[in-house]
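Chemist: In case you want the letters, here they are:
2 protein chains.
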Amino acid sequence: MNHFYKTAWLISLLILSSICIARAQSAKLPNFIIILADDLGYGDLSCYGHPTIRTPHLDRMAAEGTRFTQFYVAANVCTPSRAALLTGRLPIRNGIFGKRAVFFPNSANGLPHSEMTIAKALKSKGYRTGIVGKWHLGSKPEFLPLQYGFDSYFGLPYSNDMGKVGSFPTQTAPPNNNPLLPLYRDNTVIETEPDQRLLTKRYTDEVLNFISKNQGKPFFMYYASPFPHVPLYASDDFRGKSKRGLYGDVVEELDWSVGQILKKLKDLKLDKNTYVVFLSDNGPWLIKNRLEENGGSAGPLFEAKGSTYEGGMRVPAIIWAPGLVKANTVSSAVATSMDLFPTILNLAKVPLPNDQALDGQNIKDLLTGQKDKVTDLVYYYDSDRLYAIRKGPWKAHFTTHPSYSPEAPVPHDPAWLYNLEVDPGERYEVGRKHPEILEELKKAFEKHRAGVVPVAPLLDAIVEK
Amino acid sequence: MNHFYKTAWLISLLILSSICIARAQSAKLPNFIIILADDLGYGDLSCYGHPTIRTPHLDRMAAEGTRFTQFYVAANVCTPSRAALLTGRLPIRNGIFGKRAVFFPNSANGLPHSEMTIAKALKSKGYRTGIVGKWHLGSKPEFLPLQYGFDSYFGLPYSNDMGKVGSFPTQTAPPNNNPLLPLYRDNTVIETEPDQRLLTKRYTDEVLNFISKNQGKPFFMYYASPFPHVPLYASDDFRGKSKRGLYGDVVEELDWSVGQILKKLKDLKLDKNTYVVFLSDNGPWLIKNRLEENGGSAGPLFEAKGSTYEGGMRVPAIIWAPGLVKANTVSSAVATSMDLFPTILNLAKVPLPNDQALDGQNIKDLLTGQKDKVTDLVYYYDSDRLYAIRKGPWKAHFTTHPSYSPEAPVPHDPAWLYNLEVDPGERYEVGRKHPEILEELKKAFEKHRAGVVPVAPLLDAIVEK
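For the protein sequence lines, the chains are X and Z, in the order given. Take 1 as the starting number for the first sequence in UniProt numbering and just add one per residue. Take 1 as the starting number for the second sequence in UniProt numbering and just add one per residue.
Next comes chain X alone, as it looks inside the complex (with noise of 0.2 Å):
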């Protein structure tokens, strides 16, 4: 009898652990990390056709992965965009507009703390959040990321061409009266005007660094590189290397970036539990006579950065988890940046905040291959200006006003009527094919007019000196 209990028992223990061990494997929360390129436009990987720039390891990470050609972002200029990829929301909404576009070193305001980031929200579930690089929601101290869930930060508060540089190295640099381009350290000023050809070198190591520091714990890394955004810089091993010049060199060296993070999961078999997300803030720079070759491609789209045109605020995505998200997949559904605050809450169990809006969608079925969604898109101009509305393949375009132009925005009755799906390159208006298409936008846009309230715009205020 004794040897009976005693196997009784010992049988029970087994029981008891394997149960133990799988609730521990499937409360295992995953991993995620943002990757947003700066001004990357839709045309600039190999993977999405550029005839020149190399990138093997993104094209690699959209063949284990999803690479999406219908992707959006909320804005198409940096502050904003941003904004509204970290909390889910339109810049009408969170106050992250204002005509001066962006956030300069002299503004006053940052991301209200009233929104929830994905950071924040992380966080709250015991995730270990860090952010390497470009901020650009506020650069005073009460603004900087560890103020919004972010345990650490290492990076430049706002674009690489707001210190002494500007945006064009090659040229005389205006003079400017920026203070010297500030490199943080979570809360302090460690150098000013950091030598700009080593950024994506350090930025890649400190997020290698954050990956093996915190590989025991569910974490969040947001690497938000300053690159392809002007002033161009490249390490040596990368300068001159690509066809493509500097802007082509500079993308190379952010496709190693991403190769090395993906080969950092593999090495850590942190890989089949991290989703990692790579995209860009918004189109191509393209000032005519000024940017030339320094400035990206949208591809087959239409204008860019600045634009409600497709080349604007259609981005290169891809979303990479072996095994989580289906792979050497090319999906065209319509999904934003936006999303990702409410799909990432999700996979992270993290309930969603039940006081303020969301414009993102849980798009985890997109990710599987179960669904592929078309969602309602609105194209704001310096994000509080509604100029468009897609609704299917349909856009329907209210006002037009050429990127980064002196001329008046020009209105549109009856709108201008495209079908993405067909006509990616908005080419051929179809308005008068069409007339009760046309009718179904012009509603679609006055209800989204409706519904939404804007709040007081964030953007403008300056510090008094």
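FYI, nobody ran anything at the bench for these hints, they're computed from the structure. Some hints could be false.
Identical chains blur together in the list; that is why a pair holds if it fits in one copy or across any two.
[To be verified] Derived pair list, reagent style DSSO-like, types lysine-lysine, alpha-carbon separation capped at 30 Å:
#, residue 1, residue 2
1, LYS443, LYS123
2, LYS364, LYS447
3, LYS326, LYS263
4, LYS433, LYS164
5, LYS140, LYS123
6, LYS241, LYS326
7, LYS443, LYS241
8, LYS326, LYS266
9, LYS326, LYS264
10, LYS241, LYS442
11, LYS217, LYS326
12, LYS371, LYS241
Dock chain Z against the given chain X, drawing on the hints supplied.
Modeler: Only chain Z this time, still in chain X's reference frame:
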């Protein structure tokens, strides 16, 4: 001793037979399949960045082979481009040029019989040679494919809009004097005005049968799809299925067709010894306000079919031969369809003809990834007027002309200079910055013109009634 001799004899026999097997294997010539799309644009496949056309088989072909991003054809319209592909020679040398731009049903001429074609060259080496699809190098009996080295033919002798239907089946077809569209088997018309919705399926069956029938011999198959040239037709299985409208349906059926061919090669274990080349004959056909969504996309490139800008003459091109051609490779080497002639002859151990000047080069080393060649290129308008030249990354336009425009050509002195590797969309004219390069290209332009003596044009003569 008896035993000793028996053993020795057996050993010798073994050695001899293994030598014979090795010889037989090394002498096994590769098969070749050229799949030529009609008016498919640079940007029309998933793997070249199209947002809504899904081409999983061509994408996989690219992943298992080499995808070219700077691959050119010799002419910006059908007939001369096809003549150049099959002969490795510029239209201005083989006579396939003229005011009419292409052959029509009432054309009096065909490809000169003095021209060596890939088919004729391979046939001399014992290859079985077949063509399925669009010929377009002469439609009088003496100019049909069997008169140029092909053993078998199944297809339409010219474009699919040269029968009674015309280019725009959804509109009223313009009345025309064309004879009924003839479908040939070898030298015989077996049907007229065949149901074009079935053409891709029927052609695919013909290609698969040809492969099965000739699996024991070396073979060459030239499969020239009539699509996505207008009028567009897809079978019931594909019509209405793509997001890109009928154009997308047609391209997706062509993609299926390619998938069937690759599958057949794998099933018959011919995939390790068969080179498959997929390309288009010229850029997409975009006639503003006429073709609209029935025309394709040149992606990031400027202009289209009929133009000497990149959109007219740079095409999607994938070369596949597992184990022979470098896999998972995106090559930005500059190559042309005229390179196929000398490359295929070399791989098939057929000497090059020594009585005619060739414009193509052997690109075998590009296929194995050992070289990344940059060829000089010439861009002819209507195949006889030299408009532009490319040398390294630089392209100089000495004349430009909007495609399909009644406007007069515009000469440029100094020529318009673009760096295609940095600026594939030909947006930023940089001649003032690089006068020495302009000078170099001007010399190359004049040297080429002086070096080629045009033969008489063959496209313009009409059959007397």
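Chemist: All hints are to be evaluated individually against the structure, with a verdict given for each.
Modeler: Here is how each hint holds up against the structure:
{"no.": "1", "hint": "LYS443 with LYS123", "verdict": "neither (40 Å within a copy, 66 Å between copies)"}
{"no.": "2", "hint": "LYS364 with LYS447", "verdict": "within (27 Å within a copy, 61 Å between copies)"}
{"no.": "3", "hint": "LYS326 with LYS263", "verdict": "both (19 Å within a copy, 23 Å between copies)"}
{"no.": "4", "hint": "LYS433 with LYS164", "verdict": "between (53 Å within a copy, 27 Å between copies)"}
{"no.": "5", "hint": "LYS140 with LYS123", "verdict": "within (23 Å within a copy, 77 Å between copies)"}
{"no.": "6", "hint": "LYS241 with LYS326", "verdict": "between (33 Å within a copy, 22 Å between copies)"}
{"no.": "7", "hint": "LYS443 with LYS241", "verdict": "between (52 Å within a copy, 29 Å between copies)"}
{"no.": "8", "hint": "LYS326 with LYS266", "verdict": "both (17 Å within a copy, 25 Å between copies)"}
{"no.": "9", "hint": "LYS326 with LYS264", "verdict": "both (21 Å within a copy, 27 Å between copies)"}
{"no.": "10", "hint": "LYS241 with LYS442", "verdict": "between (49 Å within a copy, 28 Å between copies)"}
{"no.": "11", "hint": "LYS217 with LYS326", "verdict": "within (25 Å within a copy, 41 Å between copies)"}
{"no.": "12", "hint": "LYS371 with LYS241", "verdict": "between (41 Å within a copy, 16 Å between copies)"}
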